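If you read the sequence shown in our numbering, its first letter stands for residue 1, the second for the next number, and so on.
It should be emphasised that the hints constitute simulated quantities derived from the structure, not laboratory data. It is possible that some hints are incorrect.
Derived DSBU-like pairs (lysine-lysine); straight-line CA-CA distance at most 30 Å [said to hold, decoys possible]:
| id | residue 1 | residue 2 |
| --- | --- | --- |
| 1 | Lys59 | Lys148 |
| 2 | Lys159 | Lys53 |
| 3 | Lys62 | Lys159 |
| 4 | Lys148 | Lys159 |
| 5 | Lys62 | Lys148 |
| 6 | Lys159 | Lys100 |
None of the values given here were measured: they were computed from a predicted structure.
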Amino acid sequence: MADAQDVVELILQDHRRMEDLFRRMRSVEADRAGALREFADLLIAHAQAEEAKVYPALKRYKNIDDEEVEHGEHEHDEGNEALLELLGVEEVGSEEWDSKLEELVEAVTHHADEEERTILNGARENVAMERREELGRAFAQERERQLKAGCGSVENVRKIVES
């Protein structure tokens, strides 16, 4: 169970959950609107927790590229903008919905892939497990705080995008 607190593993678990939610949002047989609500909360909580608790700590490690971390923050912005666009679509399953969903999938999938290859592999190689577990606890607490605050609401996503 100690592994469950490793920040790298927690982030990877969120990425896999996002992929599952993408599949549900694409499926005509699923509760697509419900999947979007869950996805919005998860994406915002995940990104806010990374930016508040994980990225600043990782920038202190000389073998983890600061530019990659800053690029990750920029990609969060792109994902948030794509999420806001999808949240603004009136009709679930319409052509506009499908188009905006694919833009969101592309932005988030690109970011997750890059983050896993660069930042997370760098953390695995350069950050001691004890420190990764500390970061994991901080990440999980901030993520939970964000979720309890309803972070995926249209109003909150708009506020994040506009700031």
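Hints, verified against the model:
| no. | hint | in the structure |
| --- | --- | --- |
| 1 | Lys59 <-> Lys148 | holds, 28 Å |
| 2 | Lys159 <-> Lys53 | holds, 20 Å |
| 3 | Lys62 <-> Lys159 | violated, 33 Å |
| 4 | Lys148 <-> Lys159 | holds, 17 Å |
| 5 | Lys62 <-> Lys148 | violated, 35 Å |
| 6 | Lys159 <-> Lys100 | holds, 19 Å |
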